[in-house]
Amino acid sequence: MITRSSALLQRPESLNADVKPLSLPSAWQTQLSRAVRDPRELCRRLGLEDSWLPGAEAGHALFEVRVPEAFLARMRYGDPHDPLLRQVLPLIAEGENVPGYVTDPLEEAEHTPGPGMIHKYAGRVLLIASPACAVNCRYCFRRHFPYGDNSPSRAQWERSLDTLRQDASIHEAILSGGDPLAASDRQLAWLVERLEAIPHLKRLRLHTRLPVVIPDRVDDAMLGWLGATRLQKVMVLHINHAQEIDDAVVAACARLKQAGVTLLNQSVLLRGVNDSVAALAQLSERLFDAGVLPYYLHVLDPVAGAAHFDVPDEEARELVAGLREELPGFLLPRLVREIPGEASKTPL
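Everything in the sequence shown is counted per the working numbering, starting at 1 for the first residue and increasing by one.
Possibly wrong hints are sitting among the right ones.
[Stated by the list, open to error] Below are the SDA-like pairs computed for lysine to any residue, each with C-alpha atoms no more than 20 Å apart in a straight line:
no.	residue 1	residue 2
1	K120	K257
2	K257	R203
3	K233	L293
Quick caveat, the hints were computed from the structure, so don't treat them as lab data.
Let the sequences and hints guide you as you build the complete structure.
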């Protein structure tokens, strides 16, 4: 019988004979290229029973598996309900047709004035800096996004950047993706150099999971272009469970703060991952210990393939009410939903 108290990714010696120990490459690019992309390999590495294979393969056919070694190493071996594994393990439920769950839940196709650009909110523009992610989260609201149409060349970027240059009401550029930090430092330095040359831009915001799933991404090359910009720097991490924050993540956050980056976190409320007061409270405490301020707790965007993660609104409100009794106000994330067409996130 498998229990949730199983050790993190460890087996008895008798079961380890055929498995080589984890060996993490030093370069983040190498770690990215060596991410687990085979659902059978993922199940084998975590010691899951064969009954999980059909769902893993069926879900992978809809949205491919991608899990870096550094993230895999934080999962509990033999536990199919591990909160990190649950975020990346495909399930048969992903193929179910659930009313209301669609391929573009935020209607981003209606707000794309140019390749790689999404303009939904006043004063800020989102740029798809990379179509790639280091990890494929099963609940991702962009799992069906047409990245092939939103991967601009530098010439196309210049045309899109003209939109920012001509609109003095835009004060913030948000680099997103995919994951913006999956792009090369050379490309990101080029893009940020052009952004900071726009006089009315004040802030650079990055929405990323890479410092969490591959902490080595926060290297000297990245800190070089990030630390040099005149723009105010905000990084919004995406961490859903305290178990994601190990010593390497804490060290990466410390380096970012030393470079003058304000660190925030947004989580998604996910069934079976963080849908308890205890899990959410532990996450907020662990985030603050790492120098990251809890920012948003999103209810699930209704993207096709993710309905099994849903937590109803009333239950979400009860969880936050319980969290309010446990934590000081500055550690309480705002419970929100993103509604297409609204001017901002909608508090619940």
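Consistency of the hints with the structure:
With a C-alpha separation of about 29 Å, the suggested pairing of K120 with K257 is violated against the 20 Å cut-off. For the suggested pair K257 and R203, the alpha carbons sit about 16 Å apart, so the restraint of at most 20 Å is met. Among the hinted pairs, K233 with L293 is consistent with the structure: their alpha-carbon atoms are about 15 Å apart, no more than 20 Å.
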